[in-house]
Amino acid sequence: MRVGVITFPGTLDDRDAARAVNAGGAEAVALWHADADLKNVDAVILPGGFSYGDYLRCGAISRFAPVMKLVIEAAGKGMPVLGICNGFQVLCESHLLPGALTRNSDLHFLCRDQEIEITNTKTVWTSSYSEGQKIVIPLKNGEGSFQCDDDTLAQLEGEGRVIARYVGQNPNGSRNLIAGISNARGNVVGLMPHPEHAIDTLTGPSAQGLGFFTSILNAMVK
Amino acid sequence: MAKIVVDVMLKPEILDPQGNAVASALPRLGFTFATSVRQGKRFEIEVVGDPTAAQLAEVEKAAEVLLSNPVIENYVVRVEN
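Residue numbers (our numbering), protein chains in the order written: chain A, 1 to 222; chain B, 1 to 81.
Chain B on its own, in the form it takes in the complex (with noise of 0.2 Å):
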């Protein structure tokens, strides 16, 4: 079934000290591709059957007020099957 998935990152200018640490303990363990990391939130929103586009509004709605706070982040709303 399909659901609805937000996903919200710090904006690119705000400085992301956990994408840091991560990027940073990255190489500690052997791993060496990254230039850098930024770490964010995944919601996964269910509705019943699929969603529509009404509800897909809402979400976005939410996703402003709620979910993320737009003085900081970003957020992009999905449906994913």
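Okay, chain A solo, but in the shape it has when bound (with noise of 0.2 Å):
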């Protein structure tokens, strides 16, 4: 199983989500934003960073990157896609993902070990998550809060596409607590947090984010 992790100028996290990949099980393969091709991969992850500077918007400009129209290409298919941070403004900015991700309500930039609560464990990238599980994992961004008009938020809900939500005080003024989403289909999910940098605890918080990565390669195999 072969999960691509996409590298635009500007990201930061890539190797991190390789090794996480590589962690769960599967196989990553380095994707670079001008690729041509998705050298057949199974799945793709956008890791977190700040593509193009996050000049204009953030990922505004990496939605345009030449490997993002393969990307929701095979998305629409139902390719599993997983938007970590900067990932997560990238497929906002794409429309696989409704809502924005815009500058957080105190204006800080955090950085912080953050509980979440994992409300859907029907996606393929939270299958490995019990319903109601509570994890302890990264979060650092400056433009994390996530907003979106009132039928968007009744139409995520209602649906159960929220996949997860901040524990306690909301840390970045995101509405409904919410830390990441899925698309109706629940091939495509972005979250907020970074569960790649939480897969063992010599560096991490915790090796609870791991379960991300494990979640897609259960999906993959079945």
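Derived by calculation from the structure, the hints in this document are not laboratory data.
Check before you lean on any hint, since a few could be wrong.
[As the list claims (entries may be wrong)] Pairwise CB distance ranges, derived in the manner of DEER restraints:
#1 B/A54 / A/D150: 35 to 41 Å
#2 A/N40 / B/L15: 39 to 45 Å
#3 A/Q169 / B/A21: 17 to 23 Å
#4 B/K3 / A/A207: 38 to 44 Å
#5 A/R112 / B/K41: 28 to 34 Å
#6 B/P12 / A/F109: 22 to 28 Å
#7 B/T52 / A/D35: 33 to 39 Å
#8 B/V48 / A/M1: 37 to 43 Å
[Unchecked claim] A short list of chain A residues far from chain B (calculated; beta carbon distances all over 10 Å):
#9 L12
#10 A74
#11 L107
#12 E131
#13 D149
#14 Q169
The beta-carbon is built from N, C-alpha and C at its ideal position, and this holds for glycine as well.
Dock chain to chain to rebuild the complex, using the hints, since each chain is given by itself in its own frame.
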């Protein structure tokens, strides 16, 4: 099982994402933003960072990278796609996910260990978790406040597409404490906090982020 | 020479933490006039000669797909001399 990890100019977390993919039991395949093919991968991860320097808006330029055209096409056919942090922003700008990520409500760049609750375990990226399971993984961003209109919010909630929520005080002003969402089909997931930084207690606050990467393996093997 | 200006603003219902920070900095400097501040982006686009209607229509399209994010922002396209 091959999981592509895309590097855009300004991506930071591609190495950790690739490491997490391998730790989860799949094979990480490096993809470059200018690539014209997806190298036969079975799934794609858009990692965190500051692609294209966050110019214009976070993710706004990355959306038009050559590789994204292929990702958008493949996602439409059901290929699993996970966007973490900046990757989540890219997925929203690409309209693969609804809503937008805006400046944290208190303006601060946040970098801390954050407790989140997994609220949907039916997606291909969250099936290793149990419903309501609480995990602690790093949150690090300046523009992580999830915003959308009331109709979209009602739809996300009504269809159970909020896959994770912040526990405790709202860290960034996200509506309904939303930390992650999925598309209607459940193959595209965006998540603000970083599971790839929490796969080993030597370097992370926990190893509880690994579930995202074992989930995808389980989903593909089935 | 005339240029095309695109103003992009967060929609009124979207929280603008940067505008709020500016609003709270003003009175600290003795400026007490503001009841609210919203911060946006301004694009100045030059073309050869004066902008044509066709070019303005193209800019409208570009504003929709790239310069703004319609989920959270509104834009206005105009010609400025």
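Each hint tested on the structure:
In this structure, B/A54 and A/D150 meet the distance hint of 35 to 41 Å, their C-beta atoms being roughly 37 Å apart. As the Cβ distance of A/N40 to B/L15 is approximately 43 Å, the hint placing it in 39 to 45 Å holds. Here the CB-CB span from A/Q169 to B/A21 is close to 20 Å, well matched to the stated 17 to 23 Å. A C-beta distance of roughly 55 Å is found between B/K3 and A/A207, which places it outside the suggested range of 38 to 44 Å.
Separation of A/R112 from B/K41 is about 30 Å and conforms to the stated range, judged on CB atoms against 28 to 34 Å. Our hint of 22 to 28 Å for B/P12 and A/F109 holds, since their Cβ atoms are close to 26 Å apart. For the hinted restraint 33 to 39 Å between B/T52 and A/D35, the CB-CB distance of approximately 37 Å keeps it satisfied. Taking the beta carbon of each, B/V48 and A/M1 are about 53 Å apart, not inside 37 to 43 Å as hinted.
Distance check on A/L12: its Cβ is at least 22 Å (rounded) from any Cβ of chain B, clearing the 10 Å threshold; non-interface status holds. The claim that A/A74 lies off the interface holds: its Cβ sits roughly 21 Å from the closest Cβ of chain B, which is beyond the 10 Å cut-off. For A/L107, the shortest C-beta to C-beta distance to chain B comes to about 5 Å, within the 10 Å cut-off, and the non-interface label is violated. Against chain B, the non-interface label of A/E131 holds: every CB pair exceeds 10 Å, the least being about 29 Å.
Listed as outside the interface, A/D149 is inconsistent with that label: its C-beta sits roughly 8 Å from the nearest C-beta of chain B, within the 10 Å cut-off. Residue placement check: A/Q169 keeps its beta carbon more than 10 Å from all beta carbons of chain B (closest about 16 Å).
In the structure shown, a violation is registered for the earlier hints numbered 4, 8, 11, 13, in ascending order.
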